Amino acid sequence: MTGAAHQLCRFCRSPLNQTVVDLGLSPLCESVRRSEQMDTPEIFYPLHVLVCNSCWLVQLKEYVAPAEIFSEYAYFSSMSDSWVAHAKKYAEDMIARFHLDGGSRVVEIASNDGYLLQHFARAGIPTLGIEPAANIAAVAKSKGIDCVVKFFGSATAQELSLSRDKPNLLIGNNVLAHVPDLNDFVEGLKILLADDGVITMEFPHLVRLMEENQFDTIYHEHFSYLSLTTVEKIFAYHGLRLFDVQELSTHGGSLRIFATHDESAQHYQTDSLQRVITKEHDFGITNVDTYRAFAGRVQHTKFSILKFLLDAKLAEKKVVGYGAPGKGVTLLNYCGIRQDLLEYTVDRNQYKQGTYVPGTGIAICAPERIFETKPDFVLILPWNLKKEIVEQMQAIRSWGGKFVVPIPHIAVLD
Numbered sequence: 019m020t021g022a023a024h025q026l027c028r029f030c031r032s033p034l035n036q037t038v039v040d041l042g043l044s045p046l047c048e049s050v051r052r053s054e055q056m057d058t059p060e061i062f063y064p065l066h067v068l069v070c071n072s073c074w075l076v077q078l079k080e081y082v083a084p085a086e087i088f089s090e091y092a093y094f095s096s097m098s099d100s101w102v103a104h105a106k107k108y109a110e111d112m113i114a115r116f117h118l119d120g121g122s123r124v125v126e127i128a129s130n131d132g133y134l135l136q137h138f139a140r141a142g143i144p145t146l147g148i149e150p151a152a153n154i155a156a157v158a159k160s161k162g163i164d165c166v167v168k169f170f171g172s173a174t175a176q177e178l179s180l181s182r183d184k185p186n187l188l189i190g191n192n193v194l195a196h197v198p199d200l201n202d203f204v205e206g207l208k209i210l211l212a213d214d215g216v217i218t219m220e221f222p223h224l225v226r227l228m229e230e231n232q233f234d235t236i237y238h239e240h241f242s243y244l245s246l247t248t249v250e251k252i253f254a255y256h257g258l259r260l261f262d263v264q265e266l267s268t269h270g271g272s273l274r275i276f277a278t279h280d281e282s283a284q285h286y287q288t289d290s291l292q293r294v295i296t297k298e299h300d301f302g303i304t305n306v307d308t309y310r311a312f313a314g315r316v317q318h319t320k321f322s323i324l325k326f327l328l329d330a331k332l333a334e335k336k337v338v339g340y341g342a343p344g345k346g347v348t349l350l351n352y353c354g355i356r357q358d359l360l361e362y363t364v365d366r367n368q369y370k371q372g373t374y375v376p377g378t379g380i381a382i383c384a385p386e387r388i389f390e391t392k393p394d395f396v397l398i399l400p401w402n403l404k405k406e407i408v409e410q411m412q413a414i415r416s417w418g419g420k421f422v423v424p425i426p427h428i429a430v431l432d
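Going by my numbering, the letters in the sequence shown line up with residues 19 to 432, in that order.
Since the hints were made in silico from the structure, they are not lab data. Careful: at least some of the hints might be erroneous.
[What the hints assert, rightly or not] Taking CB as the label site, the calculated pair distances span:
1. Arg-356 x Ala-141: 36 to 42 Å
2. Pro-59 x Arg-415: 23 to 29 Å
3. Pro-64 x Ala-114: 41 to 47 Å
4. Lys-107 x Asn-305: 42 to 48 Å
5. Lys-392 x Ala-103: 56 to 62 Å
6. Ala-141 x Thr-391: 40 to 46 Å
Here the structure is a predicted model, which means the values were calculated and not measured. No residue lacks a Cβ here, since even glycine has one placed at the ideal position from N, Cα and C.
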């Protein structure tokens with residue numbers, strides 16, 4: 019592989035030379051195109067995923083600095099009802115488990131639009147959000163959530179630990195994968211956390227990604243693809259001890275880890291850690307053949323998706339999309355799908371309506387468009403939210419419309 023020998027693992031600095039999957043070229047997944055940009059060049063970057071043979075961290079090269087991706091961002095967490103419900107239950111569980119009250123402090127890294135911290139704030143617990151995207155932080159502030167607009171790392175942690183009380187609960191949901199400098203980020207967690215405090219992090223589980231063929235969750239905003247086996251090593255290197263893990267259904271299958279300082283005598287280790295690590299090793303997370311087999315399945319899925327769309331086109335059936343998520347950008351670009359095969363897609367996010375899916379020229383409309391054009395098939399691009407979307411859009415059945423999901427393989431839903 020050209021140039022692979024020059025790339026080093028972002029955690030342990032070993033040379034990277036083992037490909038997991040090569041998805042070709044794709045633009046940044048949240049860089050929606052506006053009408054006036056449609057006649058201008060668009061930048062595509064490689065989606066070539068590698069695995070480190072020493073620590074087994076699966077990773078993409080940092081082609082674009084985080085400041086270019088996240089300083090203004092088009093993803094608002096509150097757009098998904100099920101995700102807000104997930105956040106509310108999490109807050110209730112953490113308040114009960116760790117006896118949080120008005121004397122506690124909760125900090126969330128990548129706090130987005132306040133989708134989670136609002137639940138702690140309503141319970142009278144002081145909160146702080148750390149969010150790099152100014153446009154999204156402004157929405158959180160409008161909800162009364164205290165927010166600092168910064169990228170998180172050791173320098174931000176030092177600064178906050180001098181000016182603010184240290185958090186008893188330090189949260190990061192779907193942020194660990196978005197960090198190119200993992201060591202600086204985890205070092206920051208160590209600096210900021212209160213003495214007997216708890217860190218919880220949620221991230222998509224690498225085993226589920228490969229097991230269920232979720233190749234579309236690979237995009238430039240996700241620098242790393244994480245297993246418990248590797249995350250435990252990274253945290254241990256920075257003096258943080260994992261003591262519990264929960265397997266979640268969110269984002270196609272995620273892990274929620276619980277960590278504290280090595281020195282803390284609180285928080286006893288549960289059996290869950292060893293159970294999940296054993297499951298990962300049985301799956302083959304430390305075996306290169308596992309990654310080679312995944313690449314073959316991804317290619318087969320691409321051909322199956324294209325066959326479905328081509329057959330529909332030849333039968334003069336109309337296919338449109340639902341959603342314009344990051345995973346949709348990867349899937350559409352990897353498969354080479356343009357508006358000739360997918361007439362348009364829709365999204366509840368008003369920020370995206372009236373724009374175009376990066377790399378494809380596919381228009382993003384308001385959901386009402388589906389009821390105006392009455393398509394035969396609606397391809398659900400955020401397939402992890404299929405239950406919620408089917409419930410919202412079930413009226414398409416009145417004209418015989420059917421829902422289709424692309425992952426783990428193309429399937430028409432009953």
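Structure-based check of each hint:
Roughly 48 Å separates the CB atoms of Arg-356 and Ala-141, a value that falls outside the hinted 36 to 42 Å. In this structure the hint that Pro-59 and Arg-415 lie 23 to 29 Å apart at CB is violated, the actual value being about 42 Å. For the pair Pro-64 and Ala-114, the beta carbons lie near 45 Å from each other, so the given range of 41 to 47 Å is met. The hinted window of 42 to 48 Å between Lys-107 and Asn-305 is violated, with their beta carbons roughly 36 Å apart.
Distance hint check: the CB atoms of Lys-392 and Ala-103 are about 31 Å apart, inconsistent with the given range 56 to 62 Å. Taken as a hint, the range 40 to 46 Å holds for the pair Ala-141 and Thr-391, whose Cβ atoms sit roughly 45 Å apart.
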